[in-house]
Amino acid sequence: MKVIVIGGGIIGAATARSLARRGIATTVLERGRNVGGTSSAGEGNLLLSDKGPGDELRLTQYSSTLWPRVDAELADELGPGFPSVEFERKGGVVVATTAEGAQPLLDFAAAQRSAGVIAHAVQPNDARCLEPHLNPDITAAVHYPEDAQVQPVIMTEALIASAMLSGAQFSENEAVLAGIRNPQGALVGVTTTKRALYADAVIVASGPWSGEVAALLGVNLPVRPRRGMVLVTSRMPHRILHKVYDADYVGAVGSGEAALQTSSVVETTAAGTVLIGSSRQQVGFDSRLDVAVLRELAQKALRLFPFLAGIPVMRSYGGFRPFMPDHLPVIGPDPRLPGLWHATGHEGAGIGLSVATGALLADLLTGVAPAIDVLPFSPSRASLAPHLEQLVA
Amino acid sequence: MTVPDVLVIGAGPAGLAAARAARRRGASVTLLDSSDELGGQYWRHLPPQRPSEREAVLHHGWSAFTALREWLERSAGVTIIRQAYVWAIETREGRPGAVFVVVGEVDGEDRPQLVFEPGALILATGAYDRTLPFPGWDLPGVFTAGAAQALAKGERVAIGRRVVVAGAGPFLLPVAASLAATGSTVLGVYEANRTASLIAGWLPRPWQLLRAARKGGELAGYVRGHLRHRIPYRVGKAVIRADGTDRVETVTIASVDAAWSPLAGTEQTIAVDAVCVGHGFTPRLELAIAAGCALSDDDFVWVDERQQTSIPLVFAAGEVTGIGGVDLALAEGEIAGHLAAGGSIQDAALAPALAHRRTYRSFASRIENAHGVAGGWSEWLTPDTVVCRCEEVTYGVLCDAASATGGASLRSLKLSSRAGLGICQGRVCGRTIEDLIAKRAPGLAGGPGHSDAPVSSAADRVRTDRRPIAVPIRLGELAAEPTPLSSPSLSDRLRERHP
Amino acid sequence: MTSFRLPPCDDPVRPAEVPGIRIALDGRTVEGVDGQSIAGVILGSGILAWRTTSKNARPRGVFCGIGVCFDCLVEVNGARDVRACQRRARDGDVVTTQYDELPVRVRAAPFEEVPDDRA
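Protein chains in written order, with the numbering used here: chain A, 1 to 393; chain B, 1001 to 1499; chain C, 2001 to 2119.
Any given hint might turn out to be false.
As the list claims (entries may be wrong) - Here are the simulated distance ranges between beta carbons:
#1 Lys2(A) <-> Thr1266(B): 52 to 62 Å
#2 Val283(A) <-> Thr1269(B): 43 to 53 Å
#3 Gln1049(B) <-> Val283(A): 44 to 54 Å
#4 Glu77(A) <-> Ser1365(B): 48 to 58 Å
#5 Pro104(A) <-> Asp2034(C): 52 to 62 Å
#6 Thr1266(B) <-> Tyr198(A): 51 to 61 Å
#7 Arg2105(C) <-> Gly81(A): 10 to 20 Å
#8 Arg288(A) <-> Asp1298(B): 44 to 54 Å
#9 Arg288(A) <-> Pro1484(B): 19 to 29 Å
Calculated from the structure, these hints are not laboratory results. Beta carbons are placed, not taken as given, at the ideal position from N, Cα and C, and that holds for glycine.
Build out the structure end to end from the sequences listed, making use of the hints.
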């Protein structure tokens, strides 16, 4: 079997790795350079804490079980010469900063517990044992020991290197121009800036650009870019020990609001810098600096950790998340066009969900029963139907 | 105070000349500089607390500077804000953007934040030393040429008793002269380029030297100074390593060929207590990039004959548009200031500045031809040579990351190895890493001109110099709302600082 | 032999004699003159290095001298990450050297035992 994956980000890399390890001849086409888009513009979150009971949580829990294994496999395959992917299960601490925010957070955690998430409600005073520099005025806190982090660029490069060891091919600076159809109308390959390439399946893994790519192949896909910004501080003594975020974050993630939303997510990197995210804004692919966004991020970070007021910010960066109108990724075959598959729409969770996405696609393509139910992520799911146009013959 | 007509960023030669020309043309001018003294790096001088009788001894064109300074300080309609750190620029359609500034002590706390939305913006942000890595360059006692110069001129501090000056370019000469005038023994000035290249660069049109007489005079003065201090000037030689336990104790100098490859067997080790090294200059591009300005092919700010950048009403002058020395910077500044204030390039008043610019530009290109960096220098690196000083990334680690990932993009390699991600944000190592990666994997590096994908290469290319936060600002300052320009408390605070 | 401040009597520039200032560098008194940078005061007294690097614990002092390289960072009167080469020293400044060690990683650590109020 031959498969084409369009997109050299973490979803494309993880998918190529899973397929290649099952013996599928996989070619990844990247129009620019690998790891040049969303995968290099995030924080590397592997979060269960921000997901309520439901399909996305189940997918995340599945991914969470895969991560330690993938981490160990990559270390074995790539050896000590390869930079560390910095996989750390450091745990998350979610706090409410207002009186009215406390009960919803505790209720949310209780619901998550019933869905199998480890979520310890912590007295505000005890939260300071976990995070000694936390603002003492918080009103509630929940500890999620399963939350983890990777360095997303190294992780993607590692998945690419591993996929290549299993025989996958990656071609950079090769853009897809159009689909190739057989007389029955099925997609059997793509033409690119370099060649015509045939395959049994074409998987669109182009993140927020997946809508453009799908259109080139003949279908619409309602993926939209949702901009995010992150601040990076200078290196400092290790004072923030977990991923710490404001309970507002859950609301912002789940919201479809186009207007600016920020919620504070604060964490230390392996280099000793602190990342402060994150904003959500639907402004198309507009990447211009907006100081008001940075200011709001700073203000909210200080509500969590007042000591940060004296710490310099040395950099900001940002990118575009692939946003779906029904807040679920699309993983699976497109019923409108045989031969076309999707692996996109993970919004801000793509790093964490990448290995699960790859594994599910490999299962589906090789006829193995997937480890979890994939119908909720199918392009043919009901919640997506209002947004899909039928294929014009 | 009202919103200014013309905002000038940088009070070195170009910025000072621009501010004066804009004011003479009737604009209301605001001049910002990060230092608490005017003059920039070129006219770095002793603070007012330490008046000196003969400061001019240390400077070229000192009287030109003091005249500019006095004129600007006396002029109504010119607001000078010292210790002003421009940390961000937001772009606006069809006009200069919003310029975000904190004002106060360098790296201070709770400094007030101002926002300017000028009618025209002039970027005169200058350049800083480029220093190529070599084994041991991270030892204390190794300085850039600019550091030696700044400490000598601004503080009368010498970096050491026995000092070697090395690198490339005419700037090494005034640095050696300043060191000698500050009590150091300069053991030698080592220029990596060879006589043939120097002659080729300097001599094809000797009559231009006459027209650039002021520059010639400046250099001649330094050469005379060298003779007086008996400083040896050696060409075709480079410092290829420094050794010592916790500080530099010796340097090794070797002959290099025309491509700067060290020649085996020519090494010579000298005991020193300091070495200062400079291999030309890197323009300070972050504000120009933030303002949306296009870059030239050789990575300076692109300007037209009016000194206007690719963004309407945003002008640039001085070293940020090309390394050309003080006289070129003054001419460009004057042109930029005049046009930013609504003048025309046809105006008779501008004729002398235009003529000066022509003369000094051709002079500058010849200096570049004679003293440019050649590629052989990477041969003096060893696997454990630090290339990124902030994150202590070695050449070996960078090469391993490149091999392990099978030729990842420059951007990905930097994010994987952390080279260039430290607090200097690639200011020191950015170009070096681009060059090293381009050299290892031509066509893969994504550095300037090395990628066949126009979109990604353009993106990669500005990556090193793209710093949306142009200078660190504390989170508490970022979180605070800007102070309105008309606020009385603001004028009080600014006055407190500058009585 | 090392870095030093040229005494005015030997200086061809003839700077005026000005008041001395004192700063504390990790508790040790270092003397300079009014108008100097913190780095200038330290270098002028013959000390070449003060910061310790995070990864290899190596000594660093001034490198670029013009605020570009950030090698000379110090804590001044409680505020960290101040470029010593750019900040004017004031009499009585308390300067502390910086050594920011890298965080210890909690690579896939077992889940922590934490107080739980579910009971």
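Consistency of the hints with the structure:
Our hint of 52 to 62 Å for Lys2(A) and Thr1266(B) holds, since their Cβ atoms are close to 58 Å apart. The given range of 43 to 53 Å is broken by Val283(A) and Thr1269(B), whose C-beta atoms sit roughly 59 Å from each other. Look at Gln1049(B) against Val283(A): about 50 Å separates their beta carbons, and that is inside 44 to 54 Å. Taken as a hint, the range 48 to 58 Å holds for the pair Glu77(A) and Ser1365(B), whose Cβ atoms sit roughly 52 Å apart.
For Pro104(A) and Asp2034(C), the hinted distance range of 52 to 62 Å is satisfied, since their beta carbons lie about 58 Å from each other. Range check, Thr1266(B) to Tyr198(A): about 59 Å between beta-carbon atoms, so the 51 to 61 Å window is met. Checked against the hint of 10 to 20 Å, the pair Arg2105(C) and Gly81(A) passes, with Cβ atoms roughly 19 Å apart. Checked against the hint of 44 to 54 Å, the pair Arg288(A) and Asp1298(B) fails, with Cβ atoms roughly 26 Å apart.
Taking 19 to 29 Å as the suggested C-beta distance range, the pair Arg288(A) and Pro1484(B) conforms, at roughly 24 Å.
Figure legend: structure checked against the earlier numbered hints; hints not met, in rising order: 2 and 8.
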